[in-house]
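Engineer: Each chain is listed here by its residues.
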Amino acid sequence: MTAYLKLDHIDKSFARGTQVSDVLKDIRLTIDKGEFVSIIGHSGCGKSTLLNLIAGLTKVSAGAVLLEDKEVDSPGPERAVVFQNHSLLPWLTVYENINLAVTKVFGRSKSRAERHDWIMRNLDLVQMAHAKDKRPAEISGGMKQRVGIARALAMEPKILLLDEPFGALDALTRAHLQDAVMDIHSRLGSTTIMITHDVDEAVLLSDRIVMMTNGPAATIGEVLAVPLARPRRRIELSSDRTFLRCREAVLKFLYERHRFVEAAE
Amino acid sequence: MSIQAIEDSKVKPFPAPAKPAEVIAFTARARRRFDPAAIASKLASTLVPPVIVITIMLVVWQVACSSPTASLPPPSQVWNEAYDLIAHPFFDNGPQDIGLAWRVLMSLQRVAMGFGLAAIVGVALGALVGQSIWAMRGLDPVFQILRTVPPLAWLPLSLAAFRDSSPSAIFVIFITSIWPIIINTAVGVRNIPDDYRNVARILRLNQFEFFVKIMVPAAAPYIFTGLRIGIGLSWLAIVAAEMLTGGVGIGFFIWDAWNSSRLPDIIVALAYIGVTGFCLDRLVAAVGAFVTRGTTAK
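Heads up: the protein sequence lines correspond to chains A and B, in order. So the first sequence is numbered by numbering that gives the first Met the number 0: it starts at 0 and just counts up by one. So the second sequence is numbered by numbering that gives the first Met the number 0: it starts at 0 and just counts up by one.
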């Protein structure tokens, strides 16, 4: 069986004048359809760069990103991104923000009424239908992120890319959104890649956790499978053996073997 | 009296925190929607100071120009001799004997055409310069030099090119008001956050969709700043251009009045021009505030 998404020996370096800095080196990873994979690592290790490479927002220096055996090197709606700072357009309402995406992706294949139903279904999915006529400035940070997720889902992507989606939220809101993402993942079975620096979040949500070494020239240090049955409930898991073992493994990787050295740069 | 008022407002904020009761009473009052007393006092506070200042200016002017040797007419003489122009802006007694409002409207029509063209071309060129680094490198030096050319310096050239006074005046408006529109639009486009660009790239918006759906709304606050400066400049330029090209605009009226030594008429025309320019500025500002509502909020 061939992999759904394949990262094939990817290198990424940025050139500034004559100075070339390697950010990622020899990234090899395959992801199956429907899998939820987290990428975790210290800040500056290039995990956001890796997500941008998959999204096609930046180009690889060597190697290739293969989605269903086809190389992708430019961005597209089949790899929808949920950005850390939501990136909703402030002059559009919640509904219009999603409508922009839906009209672009399904403008030809769906009728106006179908598109409306589709938008409302995605808003329902993130429980934001009540705020459809509000502008982003009028809703809270957690709500904005929900709308950002709805916008990404409304593109019906093959892969959902989450770039530290809960990083800017408070702990309670974050927990709510994590539950929402788990619920959506179980309902839609969407293949998801999430960047995070939160160990609990990674273990709670993922099927596999990809741990990155520190940069420069960061690479995948270890991949940990999380053999927890779904649906997962955070309260039961907090004392679950497997959960604690996975959590410990990630913590050991991050804080013992690949401790972040502030002065490294 | 007005100085006293300024001193009061400067002193008050400091002791205010020491009197919480007063502050609470004030916010409660502001919450009520229809409070005639509050509205009246607010109206008075905005209207009374300018009325006082204008009265003082008129008195000083009257005193200064009342001597028989004065070269300019005092306000009383303006009122008496140009009463027709002040009281009847819309009279129409044949080709060159029409009310000042008609003349202002003629000038506004030219401004509308020149400024309208400048807005369209200016936003398009500004978007190009803001979007493409090479367009900026090539065009920006040209713009920077051309924008310093005074409006009237374009007039002989445009008269030669168009061989008619009306399109020449419109061209002068266009070339005067386009620079701030271009430059502000370019700055606005350059400041569009990368996040919005990434959203557009993921959605695969084409150039036109990106322009209409992302670029214009995102740069709207900057664009309207440019438009507001542009409309002010075009109003400056039209009066000067009409003085030279003739026709029925307000600018030519001033030149005509000067040639027939009707100084009071000139003074009334100046008031018309000032008020119209003020209204134009406020109009563009109001449209801008309406269009860009919500865009600056994060």
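Wrong hints could be hidden among the right ones.
What the hints assert, rightly or not - Under 7 angstroms between C-beta atoms, here's a sample of chain B residues computed to sit facing chain A: (1) Asn190; (2) Asp194; (3) Val198; (4) Arg200; (5) Ile201.
Unchecked claim - So the derived label-pair ranges between C-beta atoms look like this: (6) Phe289/B <-> Lys133/A: 46 to 56 angstroms; (7) Gln108/B <-> Lys58/A: 45 to 55 angstroms; (8) Gly166/A <-> Val50/B: 52 to 62 angstroms; (9) Pro35/B <-> Arg107/A: 49 to 59 angstroms; (10) Arg136/B <-> Asp123/A: 48 to 58 angstroms.
To be verified - Non-contacting residues of chain B with respect to chain A, defined by C-beta distances greater than 10 angstroms in every case (computed): (11) Ser66; (12) Ile119; (13) Leu138; (14) Leu262; (15) Cys278; (16) Ala284.
Treat the hints as calculated values from the structure; they're not laboratory data. C-beta atoms are modelled at their ideal positions from N, C-alpha and C, and glycine is treated no differently.
Engineer: Can you name, in rising order, the numbers of the hints this structure does not satisfy?
Structural biologist: 1 and 6
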